[in-house]
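The listed protein sequences correspond, in order, to chains B and V.
In terms of numbering that gives the first Met the number 0, the first sequence opens at residue 0 and continues consecutively.
In terms of numbering that gives the first Met the number 0, the second sequence opens at residue 0 and continues consecutively.
Worth flagging that the hints you see were computed from the coordinates, not collected in a lab.
Keep in mind that the hints are not guaranteed to be accurate.
[Unchecked claim] Chain B regions said to be covered by chain V (calculated; three or more residues, Cβ under 8 angstroms):
1. 38-52
2. 65-77
3. 85-93
4. 165-177
5. 190-200
6. 243-252
7. 265-272
[To be verified] So the derived list for chain B, only partly shown, Cβ under 8 angstroms to chain V, looks like this:
8. Ser15
9. Leu17
10. Thr218
11. Ala234
Note that beta-carbon positions come from the ideal geometry of N, C-alpha and C, so glycine has one too.
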Amino acid sequence: MATAKFRQRSSYINHSILFFMALTIILPLLVLIFNSVKPVEEFGSNPLGFPSEIRLMNYYDAWVNGNYTQIFFNSMTLVVGTLILNLTVSGLAAFSLAALNPRGIQTVVVGLYLLVGISIPAQLYILPLFLMWKSLYLLDTRIGLIIIYSALNAPFATFLIRSYMLQLPTELFEAAKLDGASTMQLFTRVALPLSWPVFLTTALIVSLNVWNEFLFAITFIITDDYKPISSILFAFQSRFANDYGLVSAASILMAAPIAILFMFFQRRFIAGLTSGATKG
Amino acid sequence: MPKFLTNINAISWYFLMPVLFIHFFVIAFPSILSLLLCLTDWNGFGKINYVGLENFEELFRDRIFKKAVYHNFIWTIMFLTIPVIVALIIAYLLTGIKRGQLFYRLVYFFPYILASIVNCLIWRYIFHPKHGLGGWFENQGIDFLSKSPFAMKETALYAVAWVDMWHFWGFLVIIYLTGMYQVDESLYEAADIEGATKFQKFRYITIPMIRPIFILSLIIIIIWSVPTFDYVYILTMGGPAYSSEVVANHLYSQAFQRMNVGYASTIGVMMFFYVGIIVGFFALLRRLGWEV
Chain B
0 MATAKFRQRS SYINHSILFF MALTIILPLL VLIFNSVKPV EEFGSNPLGF PSEIRLMNYY
60 DAWVNGNYTQ IFFNSMTLVV GTLILNLTVS GLAAFSLAAL NPRGIQTVVV GLYLLVGISI
120 PAQLYILPLF LMWKSLYLLD TRIGLIIIYS ALNAPFATFL IRSYMLQLPT ELFEAAKLDG
180 ASTMQLFTRV ALPLSWPVFL TTALIVSLNV WNEFLFAITF IITDDYKPIS SILFAFQSRF
240 ANDYGLVSAA SILMAAPIAI LFMFFQRRFI AGLTSGATKG
Chain V
0 MPKFLTNINA ISWYFLMPVL FIHFFVIAFP SILSLLLCLT DWNGFGKINY VGLENFEELF
60 RDRIFKKAVY HNFIWTIMFL TIPVIVALII AYLLTGIKRG QLFYRLVYFF PYILASIVNC
120 LIWRYIFHPK HGLGGWFENQ GIDFLSKSPF AMKETALYAV AWVDMWHFWG FLVIIYLTGM
180 YQVDESLYEA ADIEGATKFQ KFRYITIPMI RPIFILSLII IIIWSVPTFD YVYILTMGGP
240 AYSSEVVANH LYSQAFQRMN VGYASTIGVM MFFYVGIIVG FFALLRRLGW EV
């Protein structure tokens with residue numbers, strides 16, 4: 000009896016600690032949501048609370064003044080372009096490393112090469128890359144940024160897809176080969192249809208990385224009309240410095256697509272983002 | 000078809016070519032350029048002069064660079080302690096509950112998927128002296144946070160780190176939780192029979208059993224805190240008076256505001272060597288059989 004009671008009390012303490020930590024995350028997010036529908040006049044008297052009147056005009060202002068139709072299109076272009084390029088090259092490489100020659104020298108060499116690539120800080124190569132892009136007329140273009148994002152995400156995508164393809168039964172490939180399938184057909188007809196779950200996970204993480212990316216976005220896109228949402232929002236915070244309603248609404252417009260995707264695919268997001276650390 | 004094209008070894012290389020090409024083009028080749036440019040005084044336009052190790056000598060005299068290195072050091076120490084301790088405790092508490100666990104996991108992880116710029120805007124508002132917490136306290140007649148912590152020399156670096164940690168610690172919770180669920184349940188049962196307390200079980204079973212994941216998380220933190228840039232750049236630009244300047248920021252302003260290509264490359268090379276030493280050190284430890 001005594002221990003049961005003690006257990007119960009300690010579980011209350013546990014729950015209250017967990018709940019308190021959850022509040023430290025939920026409350027700041029709530030403040031952002033409240034601000035996005037708060038009239039400008041109310042910020043002085045009511046900085047943190049629920050607004051007395053809900054003003055959705057902030058969203059309209061952010062969309063129109065911020066030219067969000069164009070910006071969403073820019074960011075979506077970057078995401079879709081990167082997904083196409085990145086998943087193609089990473090899928091091919093993962094297939095080669097997992098199914099064609101898993102015990103070959105390639106796995107060691109390429110694996111090591113990509114691992115070294117991951118640990119290089121972006122600051123080492125960003126300036127020469129900038130000058131290269133300038134001379135190749137790729138600077139200030141969306142395709143230039145798509146190529147960069149595809150390369151940045153390639154090691155992660157290759158490793159993740161490979162680890163999944165390694166679990167596919169080799170008999171399937173053998174059987175298809177006996178039926179006269181070419182190597183490319185092994186990839187498109189056998190490996191791809193069977194490993195769509197890992198492609199979905201990879202696609203989600205790559206989209207997240209591209210959508211949120213900041214350093215390369217502010218460096219490689221100079222013209223306002225091509226800027227993705229992260230660098231526009233950065234410009235907003237000085238342009239509309241005191242219009243918190245508008246800036247908050249613009250932030251929420253940026254976070255909403257990611258938040259919605261996260262609600263639908265929580266497990267994939269969490270598994271994908273922590274895969275590097277938990278598989279070691 | 001000629002024989003070398005059907006050879007499985009050759010074909011497997013063809014499949015690897017696209018990723019190797021794009022990766023070399025974007026990352027490896029410019030990195031090599033940087034390693035060469037750090038020996039020059041190039042400014043992006045004129046003639047390229049070889050100056051040997053002059054940039055490195057200048058770097059070691061650079062007061063701001065030294066300050067930035069020190070700030071990066073503090074940054075790493077902060078991230079190695081505060082989020083790690085909080086995440087360990089929270090993950091351990093989470094293993095003890097069933098109801099609501101999924102909810103807590105999602106909430107803690109959520110800031111990790113938000114863009115740095117969004118997180119920064121949230122906290123810039125909350126720490127705003129006239130609005131946010133400062134304004135709220137002022138309305139209650141209390142003089143607290145009446146200056147933005149981002150704008151004061153003493154607190155700028157810690158305030159920025161706070162925002163980044165707020166965004167990051169949930170990631171660690173999930174990693175530690177994964178490790179803790181891999182621990183054999185029978186160990187805890189045996190400890191229960193021996194009458195071990197909760198803390199003893201945490202100290203003598205959980206911690207040793209999740210050691211590989213734990214050490215890996217520390218390596219990740221050390222490596223990730225070297226190129227830290229977004230939060231400092233967005234919130235303070237390294238100011239006021241360089242009080243929150245970090246190495247990546249110093250490099251960025253040398254590179255893109257002053258176009259000191261040679262000098263900026265030198266800073267990049269230093270960062271690369273540092274990360275290389277850390278990675279090499281842990282690889283060596285693993286090779287020597289010290290289980291990390």
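Handout entry: Hints violated by the structure (listed by number, smallest first)
Key = Checked against the structure, the hints that fail are numbers 2, 4, 5, 8 and 11, while the rest are satisfied.
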